[in-house]
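Colleague: Sequence:
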Amino acid sequence: MLQQTTLPRRAPVVLPAPQEEGPLAQGREFVWTDGDFTRIKALIYKRAGISLHDGKHAMVYSRVSRRLRDTGHTSFKAYLDWLEQHDGPEWQEFINALTTNLTAFFREQHHFTILDELMRARRGHDWRIWCSAASTGEEPYSIAMTATEALGSGGSFHLVNSDIDTKVLATAAQGVYKSDGVKGLSPERLQRFFMRGKGGNAGLMRVKPELQKHMEFLSVNLIEELPFSEPFDIVFCRNVMIYFDAETQRRVLERIHRVMKPGGMLFVGHAENFSDARKHFELRGKTVYERV
Numbered sequence: 002m003l004q005q006t007t008l009p010r011r012a013p014v015v016l017p018a019p020q021e022e023g024p025l026a027q028g029r030e031f032v033w034t035d036g037d038f039t040r041i042k043a044l045i046y047k048r049a050g051i052s053l054h055d056g057k058h059a060m061v062y063s064r065v066s067r068r069l070r071d072t073g074h075t076s077f078k079a080y081l082d083w084l085e086q087h088d089g090p091e092w093q094e095f096i097n098a099l100t101t102n103l104t105a106f107f108r109e110q111h112h113f114t115i116l117d118e119l120m121r122a123r124r125g126h127d128w129r130i131w132c133s134a135a136s137t138g139e140e141p142y143s144i145a146m147t148a149t150e151a152l153g154s155g156g157s158f159h160l161v162n163s164d165i166d167t168k169v170l171a172t173a174a175q176g177v178y179k180s181d182g183v184k185g186l187s188p189e190r191l192q193r194f195f196m197r198g199k200g201g202n203a204g205l206m207r208v209k210p211e212l213q214k215h216m217e218f219l220s221v222n223l224i225e226e227l228p229f230s231e232p233f234d235i236v237f238c239r240n241v242m243i244y245f246d247a248e249t250q251r252r253v254l255e256r257i258h259r260v261m262k263p264g265g266m267l268f269v270g271h272a273e274n275f276s277d278a279r280k281h282f283e284l285r286g287k288t289v290y291e292r293v
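Counting in the numbering used here, the sequence shown runs from 2 upward without gaps.
Honestly, the hints are just simulated from the structure, not real lab data.
Predicted model, so just to flag it, every value in this text is computed and none were measured.
Misleading hints may appear alongside valid ones.
DSSO-like, lysine-lysine: derived pairs with alpha carbons at most 30 Å apart [unchecked claim]: (1) K184 x K199; (2) K214 x K168; (3) K214 x K179; (4) K262 x K214; (5) K262 x K287; (6) K47 x K280; (7) K262 x K280; (8) K199 x K179; (9) K47 x K57; (10) K209 x K199; (11) K287 x K184; (12) K168 x K57; (13) K168 x K184; (14) K214 x K199; (15) K78 x K214; (16) K78 x K42; (17) K78 x K47; (18) K57 x K42; (19) K209 x K179; (20) K184 x K214; (21) K184 x K209.
Using the sequences plus the hints, can you model the full thing?
Modeller: This is how it looks when you write it as C-alpha cells:
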C-alpha cells in the first residue's frame, strides 16, 4: 500500500502594490519635499530672521500652500522659483503666512503691574513707548489703558506699535474686536475705553479715539535697522526672540539697545532669557530688563 506524503505548503506570493505618484500619495493637495521645506526655511530666515526647526513641516506646508492657491502655482518649487525672481508684494504675503500671532489683552499681567508702578512714579514725564510685536492690537491697547490709568487723562505718552505682519497690524490699527475677545476686561475698562457696536455692528467693540490718539502703527522688521530717531523709555518685545537663533537674538538686542534711553525698561516673554546680554541689559524683575 502506497503511503501518502504531504508536501509543505508554499507561502502565497504577494505582489507589491503599485506605487502612487504625485500629491495624493502624500494625502496632500501639493507635492511636499524636504527640499521645499529647506528652501522655505532659508528664505524666511533671510527675510525675517525666523528660525524654523524640523518639527514645523506640517505648519509650513499648511500656511504656504495657501499662497500657492492664491497665486495660481501648482507646486512649491514653481512658487518659490517665482518668488525669488520677483521683489514685489508677495514677499510680504509670504512673511505674513509664516509669522505666528498669539495674543490677548493683559497677557502676562505682572508686566502691566510693573508698568503702572513705573509710570505713576514719574507722572509728569513725557513717555515714549514701543510695542515691537503689536500683532492684532491686544498688547498695545493693554499698554495704552495702563498708561492712561497711571498718568491720568492728561498724561503724556506716545506709543509706537509695530509688527512684521502687515495684516495683523491693520487689524490693530482699526481697534475693533468681537465682544468675546474683550470678555476678560473689567466692566470699568470696557466702559471707559470701548464703544459698543449697534445695529449691523452688534457684537463688536471699538477702542475709543481718546485711547487711539496716543498711538502710531507701522511695519518694522527687527532684523533690519530700526527707523526711529528718538529713543524710548519703555520697549515691549515679548515672545519674539523665541523665533530667532542666538546670533539673530544678539543683533536684535543690540538694535533695541540703541533706540532706548539709558535706564529704560525692556519687557520680554516668559520663555526668554538674556543673561548673556549683560553689557546691554540688567535683569530688574521677572522678565523685565533695564537698559545699561
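Colleague: Which hint numbers doesn't this structure obey?
Modeller: Number 15 only.
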